[in-house]
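S.K.: Each chain is listed here by its residues.
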Amino acid sequence: AQSVTQLGSHVSVSEGALVLLRCNYSSSVPPYLFWYVQYPNQGLQLLLKYTSAATLVKGINGFEAEFKKSETSFHLTKPSAHMSDAAEYFCAVSGNAGNMLTFGGGTRLMVKP
Amino acid sequence: DSGVTQTPKHLITATGQRVTLRCSPRSGDLSVYWYQQSLDQGLQFLIQYYNGEERAKGNILERFSAQQFPDLHSELNLSSLELGDSALYFCASSGTGAENTEAFFGQGTRLTVV
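Protein chains in written order, with my numbering: chain A, 1 to 113; chain B, 1001 to 1114.
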């Protein structure tokens, strides 16, 4: 069984500041990990994924995440926030390619001018 | 555009009614997943089909059912609707093989039960 915990349901940063969204997972098998973003009234868009290759994963829009097995974490970062980054972000885990996703509760990112 | 198409975008219906949500996966994707997103439950996996066969089942109520047709499109049927069924229903699809690890999501169908 897998589970995902996202610390902080709301995160607020100033434009240009570092973005850090936290994700911890639990998995009985080597996990596949994902970050998705959801803009208002939209579907989920994949930001990046970890599939047991490089532990530092780069995604779209300047986001990256680092897989840390010892900490069971997969935190999402971006060096400099932009107003257009305001959205809800979901961390997800699956146990294998083609398996269903288990999502965290989501983190709403707000970016202040 | 993810390539996954869901219809309708919005649906308003009364309690006790039955509705059908439709999903067309990305071209060539054999797996289709249904998820429910609500304020109190978050994003929950409902059911997965692979090439016409049910592959995995999540927190899907007995009043709900799904199927995948030979052309790979899928339908989610929700019956005896209750107010609590109001939610955003997403369909996602994925390819096969170890390199096809991610799911691509449609825009969702927002169901409002009144």
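There's no promise every hint is true.
Here are the simulated DSSO-like pairs of lysine-lysine, each with C-alpha atoms no more than 30 Å apart in a straight line [said to hold, decoys possible]: (1) Lys69(A) <-> Lys58(A); (2) Lys1009(B) <-> Lys1057(B); (3) Lys69(A) <-> Lys1057(B); (4) Lys68(A) <-> Lys49(A); (5) Lys1009(B) <-> Lys49(A); (6) Lys49(A) <-> Lys69(A); (7) Lys68(A) <-> Lys58(A); (8) Lys1009(B) <-> Lys68(A).
Covered stretches of chain A, as calculated for chain B (at least 3 residues, CB under 8 Å) [as the list claims (entries may be wrong)]: (9) 18–29; (10) 45–59.
Sample of chain B residues lacking proximity to chain A, with all beta carbon distances greater than 10 Å (derived) [to be verified]: (11) Ser1002; (12) Thr1015; (13) Gly1016; (14) Arg1022; (15) Gly1028; (16) Ser1031; (17) Gly1042; (18) Leu1043; (19) Phe1045; (20) Glu1054; (21) Gly1058; (22) Phe1064; (23) Glu1075; (24) Ala1092; (25) Ser1094; (26) Thr1101.
Read the hints as simulated data drawn from the structure, not as lab findings. It should be emphasised that the depicted structure is a prediction, and the values quoted were computed from it without experimental measurement. Where a beta carbon is used, it is the ideal one built from N, C-alpha and C, also for glycine.
S.K.: Next step is simple, just say for each hint if it's right about the structure.
M.R.: Consistency of the hints with the structure:
Pair hint Lys69(A) plus Lys58(A) holds up; C-alpha atoms about 17 Å apart against a cutoff of 30 Å. Pair hint Lys1009(B) plus Lys1057(B) holds up; C-alpha atoms about 24 Å apart against a cutoff of 30 Å. Simply put, Lys69(A) and Lys1057(B) have alpha-carbon atoms about 28 Å apart, close enough for the 30 Å limit, and the pair holds. Among the hinted pairs, Lys68(A) with Lys49(A) is consistent with the structure: their alpha-carbon atoms are about 14 Å apart, no more than 30 Å.
Between Lys1009(B) and Lys49(A) the alpha-carbon distance is near 28 Å, which keeps this suggested pair within the 30 Å criterion. With a C-alpha separation of about 15 Å, the suggested pairing of Lys49(A) with Lys69(A) holds against the 30 Å cut-off. For a cut-off of 30 Å, the pair hint linking Lys68(A) to Lys58(A) stands: about 15 Å separates their Cα positions. The straight-line distance between the Cα atoms of Lys1009(B) and Lys68(A) is roughly 39 Å, outside the 30 Å bound, and the hint therefore fails.
With 0 residues bearing a CB less than 8 Å from a CB of chain B, the segment 18–29 of chain A misses the requirement of three and the coverage assertion fails. Only when three residues or more bring their CB closer than 8 Å to a CB of chain B does the claim for the segment 45–59 of chain A stand; here the count is 4, and the claim holds. A cut-off of 10 Å between C-beta atoms contradicts the statement that Ser1002(B) is not in contact with chain A; the least separation is 6 Å. For Thr1015(B), the requirement that its beta carbon stay farther than 10 Å from each beta carbon of chain A is met, with the minimum near 25 Å.
Once the 10 Å rule is applied to beta carbons, Gly1016(B) is consistent with being away from chain A; the minimum gap is 28 Å. With a closest Cβ-Cβ approach of about 15 Å to chain A, Arg1022(B) is found to remain outside the 10 Å limit, as its non-interface label requires. Chain A leaves Gly1028(B) outside its interface by the beta-carbon criterion, the shortest separation being 14 Å against a cut-off of 10 Å. Residue-level check failed: Ser1031(B) sits 6 Å from the nearest beta carbon of chain A, not beyond 10 Å.
Its beta-carbon lying about 5 Å from the closest one in chain A, Gly1042(B) breaks the requirement of being farther than 10 Å from that chain. Here Leu1043(B) does not stay apart from chain A, with its beta-carbon only about 4 Å from theirs, under the 10 Å limit. A beta-carbon of chain A comes within 10 Å of the beta-carbon of Phe1045(B); the shortest separation is about 5 Å. The claim that Glu1054(B) lies off the interface holds: its Cβ sits roughly 12 Å from the closest Cβ of chain A, which is beyond the 10 Å cut-off.
Distance check on Gly1058(B): its Cβ comes as close as 6 Å (rounded) to a Cβ of chain A, failing to clear the 10 Å threshold; non-interface status is violated. No Cβ of chain A comes within 10 Å of the Cβ of Phe1064(B); the nearest lies about 16 Å off, and the non-interface call holds. Annotated as non-interface, Glu1075(B) keeps its C-beta farther than 10 Å from every C-beta of chain A; the closest such distance is 18 Å. For Ala1092(B), the non-interface assignment is contradicted: its Cβ lies about 8 Å from the closest Cβ of chain A, within the 10 Å cut-off.
The Cβ of Ser1094(B) sits about 6 Å from the closest Cβ of chain A, inside the 10 Å cut-off, so the non-interface label is violated. Listed as outside the interface, Thr1101(B) is inconsistent with that label: its C-beta sits roughly 4 Å from the nearest C-beta of chain A, within the 10 Å cut-off.
Violation of the numbered hints given earlier is confined to hints 8, 9, 11, 16, 17, 18, 19, 21, 24, 25, 26; the remaining hints are satisfied by the structure.
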